[in-house]
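When we follow our numbering, the leftmost residue of the sequence shown carries the number 379, and every step to the right adds one.
Simulated from the structure, these hints should not be mistaken for lab results.
Careful: at least some of the hints might be erroneous.
[What the hints assert, rightly or not] Mimicking DSSO-like on lysine-lysine, the simulated pairs with C-alpha atoms at most 30 Å apart in a straight line are:
no., residue 1, residue 2
1, LYS402, LYS504
2, LYS504, LYS400
3, LYS484, LYS457
[Said to hold, decoys possible] Okay, the calculated beta carbon distance ranges per label pair:
no., residue 1, residue 2, range
4, THR387, ILE430, 27 to 37 Å
5, LEU418, LYS451, 39 to 49 Å
6, ASP393, ALA432, 13 to 23 Å
7, CYS429, ALA482, 35 to 45 Å
8, LEU418, GLY390, 12 to 22 Å
Just so you know, even glycine gets a beta-carbon here, dropped at the ideal spot from N, CA and C.
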Amino acid sequence: PQEFFGKFTYAGSHDAAELAVKNKTVDAAADNDITYPKMLAKGLITRESNCILAESSPLPGSPLVYRGDLPKKLKAEIKEAVLNAHKHIQVTGYGSLSHYVAIAPKDYQVVRDMVKELGLKKEQLK
379 PQEFFGKFTY AGSHDAAELA VKNKTVDAAA DNDITYPKML AKGLITRESN
429 CILAESSPLP GSPLVYRGDL PKKLKAEIKE AVLNAHKHIQ VTGYGSLSHY
479 VAIAPKDYQV VRDMVKELGL KKEQLK
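Generate coordinates for the entire structure from the input sequences, incorporating the hints supplied.
Now the structure itself:
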C-alpha cells in the first residue's frame, strides 16, 4: 500500500477509516462488510464519497477461545454450549449473526497466506 498510496496510517477503527475517506484525510481505507453498509444506512457516508474499490473473498470471523489449561471436560461443555446457543437464545454480535460454528486451524489459512503475500512480520500483526 505504501508504494501505491504513499502514506500509510492506522485510523483506529473501521468507522474512523470510512470517515477519513469521506473527509478526504486519506485516499483509501480498508473496511469490512458490516461497517460500510451500516454507515451508508445511517447517512454517515454516501456511495459517492466512499466508493468500493475491491472486495476480497470472505475472511473467517473473529474466533471465540478458551484457556488451553482448562480441564478437557469443561472445554467440551463450553464448546457444546456455544455451538448450541442458537437453540435457546437469539445469538447476537457485531453484524448479523445466527449461530456459531466450529472451526479448524485450516479455516484461517487464507489469512496466513495473505500475511505471507504482504511480507508482514509477526511483530507487525499486533
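Which of the stated hints cannot be reconciled with the structure, identified by number in ascending sequence?
-> 4
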